[in-house]
Structures are given as structure tokens and as C-alpha cells.
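Asks: When the count follows numbering that gives the first Met the number 0, it moves up by one through the sequence shown with no breaks and lands on 157 for the last residue.
Treat the hints as calculated values from the structure; they're not laboratory data. Built from N, CA and C at the ideal position, the CB exists for glycine as well. Check the hints yourself; a few may be wrong.
[Unchecked claim] Derived CB-CB ranges, DEER-like:
{"id": "1", "residue 1": "Leu29", "residue 2": "Gln76", "range": "34 to 42 Å"}
{"id": "2", "residue 1": "Ser35", "residue 2": "Gln76", "range": "47 to 55 Å"}
{"id": "3", "residue 1": "Gln5", "residue 2": "Val156", "range": "55 to 63 Å"}
{"id": "4", "residue 1": "Ala146", "residue 2": "Ile53", "range": "40 to 48 Å"}
{"id": "5", "residue 1": "Lys65", "residue 2": "Val148", "range": "45 to 53 Å"}
{"id": "6", "residue 1": "Leu120", "residue 2": "Ile49", "range": "36 to 44 Å"}
{"id": "7", "residue 1": "Arg7", "residue 2": "Leu126", "range": "40 to 48 Å"}
{"id": "8", "residue 1": "Asn39", "residue 2": "Ile104", "range": "44 to 52 Å"}
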Amino acid sequence: MGESSQRRVVIWGHLLLLCVIAAVILAYWLDARGTSLKTNNLLLVQPAAILGLILVALVLPQVFRKTAVEDLPDAAQRRNEMLNVGRVALLAGAFGIFVFSLETIGFDIATFVFVAVGLYLCGEKKLWVIGVYSVIFTVLVVYGYQALVPYPFPLTVL
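Please model the complete structure; the sequences and the hints are all you need to start from.
Replies: This is the structure we're talking about:
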């Protein structure tokens, strides 16, 4: 296969994740150095941060791949990928709503709604499957947390 039939492709999601990881490592490292430059403070943080940044640098070349021109995604595949990204964004938003609604509507109702929405977003269309699975999962999670965690959390139904 000649060079003209290959193209370098950037995997943007992986690149973004690596940038976030590197930014968090740098922020933590700089915060630790800003707090104190004493050896006791930096004994674990500084080598771990350097190692983390080295690992990010080692993984970074994998983001830029050579791909055959005929293997590049067409418009339908790109549209499908964007729909999947949209689903992930909706699921992340639903999780945020779940977290902030735990105290207002109760742990049990919030869990049931989040699981139901998550199942629907992930492709399940049968309402009876969504309902049964959400109820079973909610009951197991609520009673499991009550058995493990001594902290009382608000419930509405259970």
C-alpha cells in the first residue's frame, strides 16, 4: 500500500481525554508545589506526576493513526458516531440530574428514573423491560446501600 493511499487520522476523543488527564496532573502537581516545596510534601506527588506525564506522552502517538483512504468513515458512519456522542452527553446529563435530585425526590425515585432513562438512551425500547429492570435494580441498590452504609439517606417509596 503506497503512501498516497494512506492518511493520518486524529482520534479526537482520545486526544481530549489525554489532554484532560495531563491538565489534572499538572494542576495537582503545581498546587502541591505551590503549597510547599519541602521534600516531605513532594516525596510522593512529584514523582507520580512526572510518571503520569511520561505515560501520557507515551500514549499520545497512538492518537494519530495512519489509515487507508478506503477505510475512512463515510458520512453515514460519522453521523452515527455523532449520534452516539450525543447519547453519551445525554447520559452524562442524566447522571448529573440524578446526583442533584437525590435529596429532593429521594434516592429510590432518582435511581429508578436514572436507570430507566439510561436503558432507553442505550437502545432498549420495550417499556416493560425498562420498568422491570429499573424496579429490580432500584430495590437491590437501595437495600444494598442500607445494609452497607450507616448514613441515612432520603427515600420516597422504599
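Asks: Any of the earlier hints contradicted here, and which numbers?
Replies: Result: no hint breaks.
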